[in-house]
Structures are given as structure tokens and as C-alpha cells.
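Each chain is listed here by its residues.
Protein chains: 2
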Amino acid sequence: MPEKRTGGRSAAVLAQIRTAVEDLVRERGAERVTIPMVAERAGVNPTSIYRRWGDLPTMLNDIATYRLDPTRPLPDTGELRADLVAWAGEIVEHYAKPVNAALLRGGAASAGETESDCLRNRRAEAVVLASRSGAPFAADDIVDLVVAPIIYRVIFLPWTLTDPGLAERCVDRLLATGRAA
Amino acid sequence: MPEKRTGGRSAAVLAQIRTAVEDLVRERGAERVTIPMVAERAGVNPTSIYRRWGDLPTMLNDIATYRLDPTRPLPDTGELRADLVAWAGEIVEHYAKPVNAALLRGGAASAGETESDCLRNRRAEAVVLASRSGAPFAADDIVDLVVAPIIYRVIFLPWTLTDPGLAERCVDRLLATGRAA
Chain A
1 MPEKRTGGRS AAVLAQIRTA VEDLVRERGA ERVTIPMVAE RAGVNPTSIY
51 RRWGDLPTML NDIATYRLDP TRPLPDTGEL RADLVAWAGE IVEHYAKPVN
101 AALLRGGAAS AGETESDCLR NRRAEAVVLA SRSGAPFAAD DIVDLVVAPI
151 IYRVIFLPWT LTDPGLAERC VDRLLATGRA A
Chain B
1 MPEKRTGGRS AAVLAQIRTA VEDLVRERGA ERVTIPMVAE RAGVNPTSIY
51 RRWGDLPTML NDIATYRLDP TRPLPDTGEL RADLVAWAGE IVEHYAKPVN
101 AALLRGGAAS AGETESDCLR NRRAEAVVLA SRSGAPFAAD DIVDLVVAPI
151 IYRVIFLPWT LTDPGLAERC VDRLLATGRA A
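Just so you know, the sequences run in chain order A and B.
Its first residue numbered 1, the first sequence is counted upward by one per residue in the numbering used here.
Its first residue numbered 1, the second sequence is counted upward by one per residue in the numbering used here.
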């Protein structure tokens with residue numbers, strides 16, 4: 001797990017590193033970015049990066065979803081289907097940006113040992129949504145039926161993310177499964 | 001797209017390379033394998049590897065599912081649910097082996113430009129399954145509801161692949177969604 005530090009200077013350094021990573025991935029593609037390159041662009045010592053993240057895929061995995069702010073408010077219109085569609089639509093929209101998709105793909109190589117912050121945050125949101133009144137499904141169903149198909153497309157079939165009905169279709173399947181159970 | 005060659009010598013070389021990659025990934029982890037290392041272990045010139053695949057993630061992406069043989073017979077018992085559960089179970093079992101999961105994760109970094117052979121083969125199988133009599137769903141539904149949740153777990157939550165009910169749960173959701181539609 002990356003070391004978490006707090007405080008003004010650390011936060012500013014972290015923001016510089018994130019910006020450098022995002023710019024370099026956008027310019028060169030995730031597979032051609034290196035830690036010394038990020039350090040130079042961010043104006044930090046490569047050692048600081050190695051100390052915090054250990055290696056490049058771990059850093060990409062951690063930074064991949066910085067911009068999908070975990071503190072943003074969840075949609076809450078009082079209508080469950082509308083909230084789920086809006087939430088799924090935010091995830092689709094986030095990853096329809098090539099830089100965010102490239103970061104997720106670059107980070108996937110180092111996934112699988114611990115749950116990434118990114119996906120833990122989405123799961124925490126799924127827990128909240130599944131606890132709303134009248135929800136006929138569990139948080140795990142949201143992960144399998146909404147998050148997984150979207151992330152699968154981000155990694156393997158990104159050209160299908162422009163399908164305008166994707167978020168609705170995932171949510172309608174979730175609701176249909178819940179009603180049938 | 002990697003160049004596809006046929007013939008006895010090429011096939012033998014390809015088998016040596018695949019074995020070398022699988023052994024090295026098992027020994028060192030996908031993120032510590034390099035093309036020169038694979039070439040040395042396989043007894044081939046690194047140039048042959050660069051010419052065929054271009055870079056390491058592309059090679060991993062292509063080799064990741066070699067062992068889930070696309071010519072194996074699909075389950076065909078006459079009972080749709082049983083066939084789907086057996087098919088989904090094969091995919092889970094394949095990727096529950098750490099080396100296969102590591103190859104998939106290592107290859108994910110280079111995914112997203114063209115559909116990998118691996119996933120194209122699974123989609124072709126989904127098309128056959130969706131065309132069987134009485135199937136109340138399309139091939140895309142199989143990909144979203146069965147393949148995507150399994151592959152998502154392989155990459156991000158591999159410790160959940162040992163859940164013995166996973167294949168059945170995915171298939172039952174697929175059937176429930178089809179009935180509700």
C-alpha cells in the first residue's frame with residue numbers, strides 16, 4: 001500500500017506528480033512513461049516516487065481515478081433508477097476520456113494484490129446506493145452488473161463507451177435481476 | 001495486430017516463446033519480465049519477438065489465454081442453464097490459476113486498441129450460446145453479465161474467484177434479465 005502523508009507541502013507535491021503523470025500519459029501513452037520522466041516533469045526527486053509507490057504500475061493504479069472525486073455528492077433525486085443511471089453515467093463519462101482509460105489500463109498490471117482506492121471508492125458508493133429505500137439488490141450486484149461491464153469496456157472495448165444507452169442498460173439489468181430474485 | 005505465421009517451425013518457436021513467458025511470469029511476476037529475458041529463455045533472437053508483437057504488453061495480451069483453447073467443444077447437454085454454468089465455470093477455473101491472471105493483468109496495459117484474441121474467442125462462444133434454442137438473451141448480454149464480472153474479478157479482486165457460486169450467480173442473473181425483458 002502506498003504511504004499516505006498529509007499536510008500542505010505533501011499535498012502540493014502530490015498534485016504536481018498527478019498532473020505530470022496525466023500529461024505524460026496523454027502525450028506518450030501509459031506504456032512509454034517512466035518514473036524518472038514523471039519525476040523530472042514534476043520537479044521532484046525520483047526517490048520520493050519510488051518510496052511512495054514502489055513502481056510505476058502501482059502509481060498509475062493509484063492515480064487512475066483521482067479525478068472521480070470520492071467526496072462528490074452521490075445523485076439523490078428520490079428516484080432510485082434515475083440516481084443509478086446518473087451515477088453509472090458519471091463513471092462512463094470519466095473513463096470515456098482517453099487519459100483516464102489509459103491510466104486504468106496502465107494500472108491494471110499491478111492490480112490484484114489489494115483493492116485499489118479507485119474501486120474501493122466505487123464499492124463504497126455502491127453500498128450507499130444499495131441501502132436506499134426500495135433497492136431490490138445488494139452492493140455486490142451493483143459491482144457485477146454496473147461497474148464490471150463498464151470497466152471491462154474501458155479496458156478491452158473502449159470504442160463501445162460512446163454507446164449512449166450503456167448506463168441505462170446496465171441499471172435496467174440490475175433492476176430486472178433484483179425484481180426476479 | 002501481431003503478424004500471424006503458420007507452419008511447423010514457426011509453430012514450434014511460438015510454443016517455446018509461450019512456455020518461456022508462462023514460466024517467467026510464474027517465477028518473477030508479469031511486471032518483472034522483459035523481452036530479452038523471454039528471448040534468452042526461449043532460445044530465440046529478441047528481434048523475432050519485437051517483430052511479431054512490438055512490445056511486451058502486446059505479447060502478454062496475446063499469450064494470456066492461449067491455454068483456454070478456442071477449439072475445445074462448448075458444453076452441450078441440451079439444458080441451456082447447465083451449459084452456461086459449465087462454460088462460465090471453465091473461464092473462472094482458467095483464471096483462478098495465478099499465472100493466467102498475471103498474464104491477463106500484464107496484457108491489460110496494451111488492450112483497448114483492438115479486441116484481443118482471448119476476448120474475441122469468448123465473444124464468438126457467446127454468440128453460439130445465445131443462438132441456442134430458448135436463449136432469452138443476446139451475446140452482448142453474456143459478455144456484460146458473465147464475462148465482464150469474471151474478468152473484473154480476475155484483474156481487480158482475484159481473491160473472490162474462489163467463490164464456488166460465482167459461475168451460477170452470473171448465469172442466473174443473465175437468465176433473470178432475459179425473462180424480465
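Be aware that one or more of the hints could be misleading.
Residues on chain A that point at chain B, a partial pick, calculated with CB under 8 Å [what the hints assert, rightly or not]:
(1) TYR50
(2) ASP83
(3) VAL85
(4) ALA176
Simulated DEER-style distance windows between Cβ atoms [unchecked claim]:
(5) B:THR47 x A:ASP140: 40 to 50 Å
(6) B:GLY43 x A:ASP23: 53 to 63 Å
(7) B:ASP76 x A:ARG51: 47 to 57 Å
A few chain A positions that, by computed beta-carbon distances, are all more than 10 Å from chain B [unchecked claim]:
(8) ASN45
(9) HIS94
(10) VAL127
(11) ASP141
(12) ALA148
(13) ARG173
To be clear, the hints were calculated from the coordinates, so they are not data collected in a lab.
None of these values were measured; they are calculated from a predicted model.
Note that beta-carbon positions come from the ideal geometry of N, C-alpha and C, so glycine has one too.
Each hint, compared with the structure:
1. TYR50: Violated - the Cβ of TYR50 of chain A stays beyond 8 Å from chain B, reaching only about 14 Å at its closest.
2. ASP83: Violated, about 20 Å.
3. VAL85: violated, 16 Å
4. ALA176: Holds, because the Cβ-Cβ distance from ALA176 of chain A to chain B comes to roughly 3 Å (cut-off 8 Å).
5. B:THR47 x A:ASP140: 40 to 50 Å: Roughly 48 Å apart at Cβ, these two residues keep to the hinted range, so it holds.
6. B:GLY43 x A:ASP23: 53 to 63 Å: violated, 41 Å
7. B:ASP76 x A:ARG51: 47 to 57 Å: This hint holds: roughly 55 Å between Cβ atoms.
8. ASN45: holds, 23 Å
9. HIS94: The claim stands: HIS94 of chain A keeps its Cβ more than 10 Å from every Cβ of chain B (closest is about 15 Å).
10. VAL127: Holds, because the least Cβ-Cβ distance between VAL127 of chain A and chain B comes to about 15 Å, which exceeds 10 Å.
11. ASP141: violated, 8 Å
12. ALA148: violated, 4 Å
13. ARG173: Not fine: 5 Å to the nearest Cβ puts ARG173 of chain A too close to chain B.
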